[in-house]
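Number of protein chains: 2
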Amino acid sequence: MFRTAELGRKVGKKEYKERALILRQQLLEMQQKLNSRDKNPLIIVFAGVDGAGKGETVNLLNEWMDPRWITTRAYDTPTQEERERPEYWRFWRDLPANGKIGLYLSSWYSRPVLDRVKGNISLSEYDEQLQQIISFENSLVDDGAIILKFWMHLSKGAQKVRFTTLEKDPKQSWRVTKQDWKHWKKYDKFLSAAERVIMRTSTGGSPWHIIEGGDANYRSLTVGEMILESVDKKLLHLEQRDAARLNNPNFSERESDSSTTITTNANQSSTTLLSSLDMSNMLSKKDYKQELIKQQGILNKLHRKALAKGISTLLLFEGADAAGKGGAIRRITAALDARNVQVIPIAAPTDEEKAHHYLWRFWRHLSRAGRFTIFDRSWYGRVLVERVEKFASEREWRRAYAEINDFENQLAEHNIVLVKFWVHIDKDEQLTRFKAREVTPHKKWKLTDEDWRNREKWDEYEQAVNDMIEHTSTHNSPWVLVEGNSKLYSRIKVIKTVCEHLSRALDNR
Amino acid sequence: MFRTAELGRKVGKKEYKERALILRQQLLEMQQKLNSRDKNPLIIVFAGVDGAGKGETVNLLNEWMDPRWITTRAYDTPTQEERERPEYWRFWRDLPANGKIGLYLSSWYSRPVLDRVKGNISLSEYDEQLQQIISFENSLVDDGAIILKFWMHLSKGAQKVRFTTLEKDPKQSWRVTKQDWKHWKKYDKFLSAAERVIMRTSTGGSPWHIIEGGDANYRSLTVGEMILESVDKKLLHLEQRDAARLNNPNFSERESDSSTTITTNANQSSTTLLSSLDMSNMLSKKDYKQELIKQQGILNKLHRKALAKGISTLLLFEGADAAGKGGAIRRITAALDARNVQVIPIAAPTDEEKAHHYLWRFWRHLSRAGRFTIFDRSWYGRVLVERVEKFASEREWRRAYAEINDFENQLAEHNIVLVKFWVHIDKDEQLTRFKAREVTPHKKWKLTDEDWRNREKWDEYEQAVNDMIEHTSTHNSPWVLVEGNSKLYSRIKVIKTVCEHLSRALDNR
Numbered sequence: 160m161f162r163t164a165e166l167g168r169k170v171g172k173k174e175y176k177e178r179a180l181i182l183r184q185q186l187l188e189m190q191q192k193l194n195s196r197d198k199n200p201l202i203i204v205f206a207g208v209d210g211a212g213k214g215e216t217v218n219l220l221n222e223w224m225d226p227r228w229i230t231t232r233a234y235d236t237p238t239q240e241e242r243e244r245p246e247y248w249r250f251w252r253d254l255p256a257n258g259k260i261g262l263y264l265s266s267w268y269s270r271p272v273l274d275r276v277k278g279n280i281s282l283s284e285y286d287e288q289l290q291q292i293i294s295f296e297n298s299l300v301d302d303g304a305i306i307l308k309f310w311m312h313l314s315k316g317a318q319k320v321r322f323t324t325l326e327k328d329p330k331q332s333w334r335v336t337k338q339d340w341k342h343w344k345k346y347d348k349f350l351s352a353a354e355r356v357i358m359r360t361s362t363g364g365s366p367w368h369i370i371e372g373g374d375a376n377y378r379s380l381t382v383g384e385m386i387l388e389s390v391d392k393k394l395l396h397l398e399q400r401d402a403a404r405l406n407n408p409n410f411s412e413r414e415s416d417s418s419t420t421i422t423t424n425a426n427q428s429s430t431t432l433l434s435s436l437d438m439s440n441m442l443s444k445k446d447y448k449q450e451l452i453k454q455q456g457i458l459n460k461l462h463r464k465a466l467a468k469g470i471s472t473l474l475l476f477e478g479a480d481a482a483g484k485g486g487a488i489r490r491i492t493a494a495l496d497a498r499n500v501q502v503i504p505i506a507a508p509t510d511e512e513k514a515h516h517y518l519w520r521f522w523r524h525l526s527r528a529g530r531f532t533i534f535d536r537s538w539y540g541r542v543l544v545e546r547v548e549k550f551a552s553e554r555e556w557r558r559a560y561a562e563i564n565d566f567e568n569q570l571a572e573h574n575i576v577l578v579k580f581w582v583h584i585d586k587d588e589q590l591t592r593f594k595a596r597e598v599t600p601h602k603k604w605k606l607t608d609e610d611w612r613n614r615e616k617w618d619e620y621e622q623a624v625n626d627m628i629e630h631t632s633t634h635n636s637p638w639v640l641v642e643g644n645s646k647l648y649s650r651i652k653v654i655k656t657v658c659e660h661l662s663r664a665l666d667n668r
Numbered sequence: 160m161f162r163t164a165e166l167g168r169k170v171g172k173k174e175y176k177e178r179a180l181i182l183r184q185q186l187l188e189m190q191q192k193l194n195s196r197d198k199n200p201l202i203i204v205f206a207g208v209d210g211a212g213k214g215e216t217v218n219l220l221n222e223w224m225d226p227r228w229i230t231t232r233a234y235d236t237p238t239q240e241e242r243e244r245p246e247y248w249r250f251w252r253d254l255p256a257n258g259k260i261g262l263y264l265s266s267w268y269s270r271p272v273l274d275r276v277k278g279n280i281s282l283s284e285y286d287e288q289l290q291q292i293i294s295f296e297n298s299l300v301d302d303g304a305i306i307l308k309f310w311m312h313l314s315k316g317a318q319k320v321r322f323t324t325l326e327k328d329p330k331q332s333w334r335v336t337k338q339d340w341k342h343w344k345k346y347d348k349f350l351s352a353a354e355r356v357i358m359r360t361s362t363g364g365s366p367w368h369i370i371e372g373g374d375a376n377y378r379s380l381t382v383g384e385m386i387l388e389s390v391d392k393k394l395l396h397l398e399q400r401d402a403a404r405l406n407n408p409n410f411s412e413r414e415s416d417s418s419t420t421i422t423t424n425a426n427q428s429s430t431t432l433l434s435s436l437d438m439s440n441m442l443s444k445k446d447y448k449q450e451l452i453k454q455q456g457i458l459n460k461l462h463r464k465a466l467a468k469g470i471s472t473l474l475l476f477e478g479a480d481a482a483g484k485g486g487a488i489r490r491i492t493a494a495l496d497a498r499n500v501q502v503i504p505i506a507a508p509t510d511e512e513k514a515h516h517y518l519w520r521f522w523r524h525l526s527r528a529g530r531f532t533i534f535d536r537s538w539y540g541r542v543l544v545e546r547v548e549k550f551a552s553e554r555e556w557r558r559a560y561a562e563i564n565d566f567e568n569q570l571a572e573h574n575i576v577l578v579k580f581w582v583h584i585d586k587d588e589q590l591t592r593f594k595a596r597e598v599t600p601h602k603k604w605k606l607t608d609e610d611w612r613n614r615e616k617w618d619e620y621e622q623a624v625n626d627m628i629e630h631t632s633t634h635n636s637p638w639v640l641v642e643g644n645s646k647l648y649s650r651i652k653v654i655k656t657v658c659e660h661l662s663r664a665l666d667n668r
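For the record, the sequence lines run as chains S and E. The numbering used here applies: residue 160 is where the first sequence begins, and numbers increase by one. The numbering used here applies: residue 160 is where the second sequence begins, and numbers increase by one.
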């Protein structure tokens, strides 16, 4: 695979100067185009052999382009805070916004490759991790990201020569570390791990380019010209697609080859999951009070255990307006120490959030180990309000099912207890509550014109909810449907369910 | 001090219901006013005796008001990532944005009080930390924040009764922990530490209110009504002030009584710091190359030591357009491992940033222990471009000197090596460079209309720079003035200076 990158290609000083002059000008123009379009982040990953010029190339790109729109990232061993979240948390956190460029000197590839080289993981575990990378990158590409990956290559012999030459020069010897030599001894293992990376993770949306790293002039020009060519091509393609979509709203083209579209055939019959709920479930005020204080006590004890064991809990609440989500949430927080719980009400995104993948804002809220995070509305907005209100295109919300399942899988793998509640009320009950809100001064604010507008789309929402549950109720993170016509009943069901899930998780650890 | 909070005041059920109904309605209106005005965050700190209802009050406020615009914070022992930054980093990070409300269940007061109760710090150390709090709060108040602080009180006897009653009820006993009893034994020490907090840190801008915590009805109404009254009064005052300013641009009123305005009398003569620089300093290309590789080697070794010892370095670069800041920065990063260095180019703030105190965006970029953070332009924009372009009022940029000194002191106390560079070129040299940029294709982008406009204000900028250096060049963090007419000379001076500072810091540890 790497033979073509061991040809000893070089570019002379004079030619380099000439070509570099034109290239940096073009790169700047490309960067300005990207920035003014403001719809696509550019992610450039560098990996490869030590001494093949990864760092130098990144420095050069920072010099050639406008550094205000570039961030350079390199990941070290995860910190405690990072270890307390799923692995990809730190990658999500740092993603460049639309129009910006992220250069990665070490990335999501580093740990799998290193683990494989050291023999910490089997080949099938390795493949699984590479599959995770593919899902991650596809999800970004589907959202408009342009991803380029460069593998900087140097033959084993060339690497040795480079290290020895540097070491001989007293002024440059600091550039070669003991670790460099340690890695050099594992060259062959490293190369075989690399080969697999390139074979498995070079997709249409995020391809690898192998670069011969021996000659600085050659590799700089090659990387620069490839960036230019790829981005220009991609931008042209995106503009054409935008135009095509404008003319034909049903225009559909897959950005990545990854996620399988799930065609839904449920919910065609009149009996749906929601319509089969027994909405007459009730609870007396006396039973409620007794049960509430009992469950809060249980929850409090369970949470202290979970905290000690570092088991996090993530609850999310979805439901129609006035379904009683807030009330149920407050009955839970009242049993917990405020230091260890965060309620995240999901309102309109800020501009920083809008400039990223829609999942970005949820990743940024993940709590440390052992804590409770409660989302009042959540990432499911993508397949509910954004679907019904057409803020997201059909292509976008359809692929969200797979993206969300992937996200939740990562939470589950990190041993986070995830419970998803759909608090359901029927249409009559909503009307009763709306009317009660209208006449109660301190509840009036909760009722907006939007609530009435949403109500008109009741059937569309119900369809969306049924589809959502159909596609995202998985073994690891099932949906809990809560009969919400009786507030007292639903609050108890919610807190009891949380206790059950948490208790089960504690038993399994 | 707390005698008036031991009167046993109570509110009956019926009266509570009536008053609460009105109150929550008014609180909602207040919240909406705050949110639509969108200029002031509201910070409410709760502290006091365990069992006096801090948590319950916060839960109640979350129920009464619109939780989408409220965040509740409570701070535990700092995490590793937090310990690697100055103490206030985590408080800055979490500050509510304009129009939003932050409720604090434990806050910047917790650690000093606890340290004092445990006898870990002397009285004068305690006072120093309280002084730090005053600076912090004043800086927020000056920026428009409304701060309210509630001390929830319970007598030693009442606290004991409460704990015992709860413990007797099997369903409520989980509410009392061993730690509660441990704290109870230290009640007297705690109270004397508390008294000092309230005496020292109750300022006009952020006063303490002592609340009798025994009766839930009484304390809930009292807290709620005090919030309402204080915020309404403050908002009215702010609106009047805004109107007064509109009519009279020179209108000036001190928000806090804290920071002393420094009247500047320097720079009235024709000899200024900048004009006294020897701008003829130069370096030959050969000497430059030799010296550069030598200094990069020294820097690399120093930084590895600093990394091992956890000593962070923070460099900031200011200078006229085309002064060569970027070039100097790249010579430094080239000597460092990209994993351990972040370059932060300061461009226009995002909307999340605009909705906070101007220092907020810099706090959020502080790196972990041992790393290099390089700011290309910095918080000094407040007293340079914002002053000259009148984005900040005179009152705002004048008080920024003290705020910046306070910020940098916190960095110094955290043993961060801070070096501030002013890269200086004279007016002729700038013209030469502008003209060169105009004809070099890959440099043309660097030259904008704004650069030409800034140039017209050369004298105003020079005045601002001289004032800045005069007010913010302190013993701990002096300004380094770099003669920049020769790029080669200035790059070497910069990297050499960094090495000197870092080396000195390493010797002292």
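Simulated from the structure, these hints should not be mistaken for lab results. A portion of the hints provided could be inaccurate.
The list cannot tell twin chains apart, which means a pair is met if one copy fits it or any two copies do.
To be verified - List time: in silico SDA-like cross-link candidates among lysine to any residue, alpha-carbon distance up to 25 Å:
#, residue 1, residue 2
1, Lys513, Thr230
2, Lys192, Thr509
3, Lys594, Ala528
4, Lys445, Lys549
5, Lys448, Val170
6, Lys655, Arg490
7, Lys603, Val320
8, Lys173, Thr360
9, Lys602, Tyr447
10, Lys646, Asp618
11, Lys453, Ala352
12, Lys460, Leu307
13, Lys603, Gln184
14, Lys513, Ala551
15, Lys169, Lys348
16, Lys172, Val544
17, Lys172, Thr230
18, Lys594, Glu354
19, Lys460, Asp535
20, Lys327, Leu543
21, Lys513, Asn194
22, Lys646, Leu432
23, Lys169, Asn635
24, Lys453, Asp510
Against the earlier hints, flag every one the structure doesn't satisfy and list their numbers going up. Checked against the structure, the hints that fail are numbers 3, 4, 7, 8, 11, 12, 15, 16, 17, 18, 20, 23 and 24, while the rest are satisfied.
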